[in-house]
Amino acid sequence: MNNDKKIGKILLSTIVATTLVIGGSFAASAANVSKSKIQDHKTTPAGKYQPTMDSVGGGKQIKTEGSPELSAAEYKTATKIYFERCAGCHGVLRKGATGKPLTTKITQEHGYEYLRDFITYGSPGGMPNWGADGGLTKSEIDIMARYLLNEPSSPPEWGMAEMKGSWKVIVPVEKRPTKKMNRLDLENLFSVTLRDAGQIALIDGASKEIVEIIDTGYAVHISRISASGRYLFVIGRDGRINLIDLWMEHPNNVAEIKIGMEARSVETSKYHGYEDKYAIAGAYWPPQFVIMDGATLEPKKIVSTRGNTVDTQEYHPEPRVAAIVSSHYKPEFLVNVKETGKVLMVDYSDLENLKITTINAERFLHDGGFDSTGRYFMDAANARDTIVVIDTKESKLVAKVKVSTTPHPGRGANLMHPKYGPVWVTSHLGDEMISLIGTDPVNYPQHAWKVVQELEGQGGGSLFVKTHPKSTNLWVDSPLNPDGAIASSIAVFDVNNLDKEYEVLPIGEWSGISEGVKRVVQGEYNKEGTEIWFSVWNGAKQTSAIVVVNDKTRKLVKVIKDKRLVTPTGKFNVRNTKDDVY
Numbered sequence: 001m002n003n004d005k006k007i008g009k010i011l012l013s014t015i016v017a018t019t020l021v022i023g024g025s026f027a028a029s030a031a032n033v034s035k036s037k038i039q040d041h042k043t044t045p046a047g048k049y050q051p052t053m054d055s056v057g058g059g060k061q062i063k064t065e066g067s068p069e070l071s072a073a074e075y076k077t078a079t080k081i082y083f084e085r086c087a088g089c090h091g092v093l094r095k096g097a098t099g100k101p102l103t104t105k106i107t108q109e110h111g112y113e114y115l116r117d118f119i120t121y122g123s124p125g126g127m128p129n130w131g132a133d134g135g136l137t138k139s140e141i142d143i144m145a146r147y148l149l150n151e152p153s154s155p156p157e158w159g160m161a162e163m164k165g166s167w168k169v170i171v172p173v174e175k176r177p178t179k180k181m182n183r184l185d186l187e188n189l190f191s192v193t194l195r196d197a198g199q200i201a202l203i204d205g206a207s208k209e210i211v212e213i214i215d216t217g218y219a220v221h222i223s224r225i226s227a228s229g230r231y232l233f234v235i236g237r238d239g240r241i242n243l244i245d246l247w248m249e250h251p252n253n254v255a256e257i258k259i260g261m262e263a264r265s266v267e268t269s270k271y272h273g274y275e276d277k278y279a280i281a282g283a284y285w286p287p288q289f290v291i292m293d294g295a296t297l298e299p300k301k302i303v304s305t306r307g308n309t310v311d312t313q314e315y316h317p318e319p320r321v322a323a324i325v326s327s328h329y330k331p332e333f334l335v336n337v338k339e340t341g342k343v344l345m346v347d348y349s350d351l352e353n354l355k356i357t358t359i360n361a362e363r364f365l366h367d368g369g370f371d372s373t374g375r376y377f378m379d380a381a382n383a384r385d386t387i388v389v390i391d392t393k394e395s396k397l398v399a400k401v402k403v404s405t406t407p408h409p410g411r412g413a414n415l416m417h418p419k420y421g422p423v424w425v426t427s428h429l430g431d432e433m434i435s436l437i438g439t440d441p442v443n444y445p446q447h448a449w450k451v452v453q454e455l456e457g458q459g460g461g462s463l464f465v466k467t468h469p470k471s472t473n474l475w476v477d478s479p480l481n482p483d484g485a486i487a488s489s490i491a492v493f494d495v496n497n498l499d500k501e502y503e504v505l506p507i508g509e510w511s512g513i514s515e516g517v518k519r520v521v522q523g524e525y526n527k528e529g530t531e532i533w534f535s536v537w538n539g540a541k542q543t544s545a546i547v548v549v550n551d552k553t554r555k556l557v558k559v560i561k562d563k564r565l566v567t568p569t570g571k572f573n574v575r576n577t578k579d580d581v582y
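Heads up: the sequence shown begins at 1 in the working numbering, then just goes up one per residue.
Hints listed in this document are in silico derivations from the structure and should not be mistaken for laboratory results. The reader is advised that the hints may include incorrect statements.
To be verified - No more than 20 Å apart at the CA atoms, straight line, and that leaves these computed lysine to any residue pairs for SDA-like: (1) 470 x 498; (2) 555 x 206; (3) 393 x 374; (4) 450 x 440; (5) 552 x 529; (6) 208 x 575; (7) 555 x 485; (8) 555 x 494; (9) 330 x 356.
Unchecked claim - Just the calculated beta-carbon pair ranges, DEER-fashion: (10) 314 x 106: 14 to 24 Å; (11) 353 x 154: 44 to 54 Å; (12) 315 x 111: 27 to 37 Å; (13) 303 x 559: 36 to 46 Å; (14) 308 x 168: 32 to 42 Å; (15) 470 x 350: 12 to 22 Å; (16) 416 x 300: 32 to 42 Å; (17) 353 x 500: 52 to 62 Å.
This structure is a prediction, so every number in the text was calculated from the model and none was measured. C-beta atoms are modelled at their ideal positions from N, C-alpha and C, and glycine is treated no differently.
All chains should be modelled from the sequences, with the hints used to inform the complete structure.
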């Protein structure tokens with residue numbers, strides 16, 4: 001590793017872990033960064049998280065002695081801004097999460113002027129420059145600086161009454177089609193998040209044409225497919241779930257519900273005999289999950305995730321629900337509880353006598369996916385640089401595997417290593433390393449649950465790795481890397497010769513877009529595994545695109561451009577998502 005990469009690794013390991021969604025590094029060292037350097041920082045699309053919070057009214061103002069006062073109107077404004085733009089990283093109660101804590105003990109040490117300038121100019125470490133970028137007015141920044149010097153109030157809860165009040169069945173089950181009414185190849189359909197538009201695009205995998213644009217919640221985080229392949233579930237960061245019937249002549253929403261004020265995860269029941277029966281969603285606030293009817297989204301059971309951490313056994317008031325996966329071995333959902341470090345194996349066979357197996361895993365659980373057999377859940381505790389392995393057949397913790405800095409696998413990637421057998425792969429936000437973990441305890445027991453090889457990629461800031469059972473390629477993105485050339489390109493490795501230097505494909509350049517950073521994010525295969533799609537992600541007022549690449553030749557197939565493709569990010573092929581192919 002050369003000196004430049006060593007320096008980059010050190011920098012990224014300290015800053016990128018706090019910048020996944022909207023930034024949030026509140027490092028004291030930022031005070032030493034010159035204003036000119038701070039102004040050079042350009043807020044990325046990932047820094048523009050502005051969900052709709054139609055139910056956040058804020059709690060009662062808690063005045064802190066010696067701190068500046070806010071009027072009732074100012075406090076309402078500050079509360080709304082904080083929930084919409086800050087809570088995702090710093091936590092609703094400002095105790096820290098992906099971003100650093102913003103407790104009054106910390107904010108008062110820095111004082112009003114520091115807070116005002118930091119909010120205005122941001123930092124190269126990922127804190128958005130809300131003032132310089134125009135995201136907040138001078139008046140709003142003044143209000144926010146004063147707000148942070150006072151104790152936070154608890155936001156309102158969101159229980160069964162609120163959920164049922166938001167629940168809508170747009171098309172009753174009995175009025176829906178009894179057979180597929182369109183000619184779409186549903187297994188090769190892509191659900192594409194149009195982040196800042198509050199929509200998804202359905203794109204046909206063969207023609208590459210947009211089939212439908214469907215209104216959803218704000219900044220859809222993921223799409224999930226029912227076991228039958230009929231229903232598409234999408235969840236916005238504002239907690240709104242949309243249920244879309246793909247059998248309709250023109251696929252569209254048939255039900256919706258708001259399960260909280262901020263959310264990330266939704267999943268459906270996949271175990272034999274329970275296909276399409278239930279759906280589950282987890283909220284960031286309030287910290288809870290809800291099990292719903294799979295055909296109507298009617299809320300059935302809400303479970304709070306508040307509790308004690310797995311390490312110090314301290315009570316945590318805000319343990320958010322991150323990734324959720326559906327077991328193939330039992331009628332269970334696996335629910336990641338981020339701050340407490342618990343994985344809840346929720347048995348949905350009897351909701352009235354709900355059984356939950358709690359696995360003490362590791363704190364700051366985020367995302368992950370299954371190994372190639374579908375038995376072992378490979379779960380990233382990103383702030384602890386650890387992959388937790390859970391056996392879904394035996395319902396137990398198998399291993400904790402130390403990896404590099406801040407793993408962010410998405411679902412990860414499964415491939416057959418020429419030397420170590422089946423491995424699961426993760427890249428990292430915090431550095432350029434790509435970790436390969438052995439996953440076969442039967443035929444390769446000496447390599448199981450160990451990092452068997454580390455590859456050196458382009459740099460940190462990676463969000464997703466991708467391969468396919470029919471592919472000999474491993475694709476690694478780096479959309480949050482501060483180097484624009486790296487952020488707009490893809491590294492691809494030869495699975496049959498992983499010691500070989502990776503090839504860099506200039507996806508952003510291929511898109512033909514001249515403006516913006518052109519961040520390239522999240523490869524997704526078509527159903528045959530012959531093509532891989534990448535989003536070229538620009539700001540809402542800039543041109544974005546989807547670039548399709550031939551997996552075998554690594555050559556450009558097509559650039560999908562359309563004025564309706566506003567900030568395309570995640571892409572979810574129906575077959576691959578339904579069958580956990582990655």
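Hints and how they fare:
For the hint linking residue 470 to residue 498, the alpha-carbon distance of about 17 Å falls within 20 Å, and the restraint holds. Note on residue 555 and residue 206: the hinted pairing holds, with a Cα-Cα distance of about 17 Å set against a maximum of 20 Å. A threshold of 20 Å between alpha carbons decides the hint, and for residue 393 with residue 374 the separation of about 10 Å falls inside it, so the pair holds. As the CA atoms of residue 450 and residue 440 are separated by approximately 10 Å, the hinted pair is consistent with the 20 Å bound.
Our distance criterion of 20 Å between C-alpha atoms is met by residue 552 and residue 529, whose separation comes to about 10 Å. A threshold of 20 Å between alpha carbons decides the hint, and for residue 208 with residue 575 the separation of about 16 Å falls inside it, so the pair holds. Between residue 555 and residue 485 the CA atoms are separated by roughly 19 Å; this keeps the pair inside 20 Å, and the hint holds. For the suggested pair residue 555 and residue 494, the alpha carbons sit about 15 Å apart, so the restraint of at most 20 Å is met.
About 12 Å separates the Cα atoms of residue 330 and residue 356, which keeps this hinted pair within 20 Å; it holds. For the pair residue 314 and residue 106, the supplied restraint of 14 to 24 Å holds, since their beta-carbon distance comes to about 18 Å. The hinted range of 44 to 54 Å is not satisfied by residue 353 and residue 154, whose Cβ atoms lie roughly 31 Å apart. The hinted range of 27 to 37 Å is satisfied by residue 315 and residue 111, whose Cβ atoms lie roughly 31 Å apart.
For residue 303 and residue 559, the hinted distance range of 36 to 46 Å is satisfied, since their beta carbons lie about 45 Å from each other. Take residue 308 and residue 168: their Cβ atoms lie about 37 Å apart, and the range 32 to 42 Å holds. A beta carbon spacing of about 40 Å between residue 470 and residue 350 contradicts the range 12 to 22 Å that was offered as a hint. Residue 416 and residue 300 have their C-beta atoms about 41 Å apart, which keeps the hinted 32 to 42 Å range intact.
The given range of 52 to 62 Å is respected by residue 353 and residue 500, whose C-beta atoms sit roughly 55 Å from each other.
Violated hints for the displayed structure, listed by number in ascending order: 11, 15.
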